[in-house]
Amino acid sequence: ASTGSDRSVAIYDLRVQTAVRKIVLSMRTNAVAWNPIEAFTIALANEDHNVYTYDMRKLAGGARGIHAGHVRAVMSVDYAPTGQELVSGSYDQTVRLFNLRDSHFGRRSSDVYHSKRMQRVFSVAFSADAQLVMSASDDGDVRLWKAHASQPSKPLLPKERDALQYAEKLKRRYRHVPEVRRILNHRHLPKPIHRMQNNKQIMKASQRRKTDNRRRHSAPEAEPHVPEKRRHVVKELE
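Okay, so the sequence shown: first residue is 1149 according to the numbering used here, each after it adds one.
I should point out that these hints are in silico values taken from the structure, not numbers from a laboratory.
There could be a bad hint or two in this list.
Claimed, not checked - Subject to a maximum C-alpha distance of 35 Å in a straight line, what follows is the list of computed DSBU-like cross-link-like pairs (lysine-lysine):
| id | residue 1 | residue 2 |
| --- | --- | --- |
| 1 | K1317 | K1170 |
| 2 | K1348 | K1206 |
| 3 | K1294 | K1348 |
| 4 | K1317 | K1302 |
| 5 | K1319 | K1302 |
To be verified - So the derived label-pair ranges between C-beta atoms look like this:
| id | residue 1 | residue 2 | range |
| --- | --- | --- | --- |
| 6 | L1280 | A1315 | 16 to 26 Å |
| 7 | F1188 | R1249 | 37 to 47 Å |
| 8 | T1166 | R1323 | 43 to 53 Å |
| 9 | S1153 | T1230 | 50 to 60 Å |
| 10 | G1152 | H1336 | 34 to 44 Å |
Heads up, the beta-carbon is just placed ideally off N, CA and C, and yes, glycines get one too.
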């Protein structure tokens, strides 16, 4: 698979010289990653602040999943060796982890990593055991992060392991309680990113109202409804 400055994403078969699948998106894709378990699934790091997962057999049908959270262009993406997690690095100086096993297929990031010294992130990668995440940023440093922030990295005694497993079961059992859900979903973010997120939500709400008003005052079928997973697809090239 390859990406181009013409906003295209192409899938190649080594037995032929031309692309077997090619789509043009509304904005440029900076990186592509293959799922190591599902060989037909790819992840795209896009300039529109999102990560998209696609089934290469149905590119024109829209994205299989949209993984949102970044407020600037996503520069890199990588799959965990298990194929169940994604890590992305962005121009907004954060590293985000997405759990594809949750009920929303990783719509929201499960963890966010940032630091005062870390600048724009240009590359991310999972370790071979899926326990660590590596990031390379514009300040010239390579950083190691835990793939699961709440899990200790030291060897655990049986009692400690049982206590952690019991705590995880309690979280899953009571995650529908509003107070527990608020604590589980809360992630500390720098103030600039928090402000940009609020501004982005305001712009999205304004765009939705504008589209609804245009559709309400137009002739039938003049403003067809386009699913969110297909809005960024311009066309498929044969």
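Verification of the supplied hints:
1. This hinted pair does not check out: K1317 and K1170 have alpha carbons roughly 44 Å apart, beyond 35 Å.
2. With a C-alpha separation of about 30 Å, the suggested pair K1348 and K1206 falls inside the 35 Å cut-off, and the hint holds.
3. A hinted pair counts as satisfied when its Cα atoms are at most 35 Å apart, and K1294 with K1348 qualifies at roughly 29 Å.
4. For a cut-off of 35 Å, the pair hint linking K1317 to K1302 stands: about 21 Å separates their Cα positions.
5. Distance hint between K1319 and K1302 is fulfilled; the C-alpha atoms sit about 22 Å from each other, no more than 35 Å.
6. At roughly 22 Å, the beta carbons of L1280 and A1315 sit within the given window of 16 to 26 Å.
7. Evaluation of the 37 to 47 Å hint for F1188 and R1249 yields a failure: the beta carbon distance comes to about 18 Å.
8. Restraint check, T1166 to R1323: a C-beta distance of roughly 49 Å satisfies the suggested window 43 to 53 Å.
9. Checked against the hint of 50 to 60 Å, the pair S1153 and T1230 fails, with Cβ atoms roughly 33 Å apart.
10. Taking the beta carbon of each, G1152 and H1336 are about 37 Å apart, inside 34 to 44 Å as hinted.
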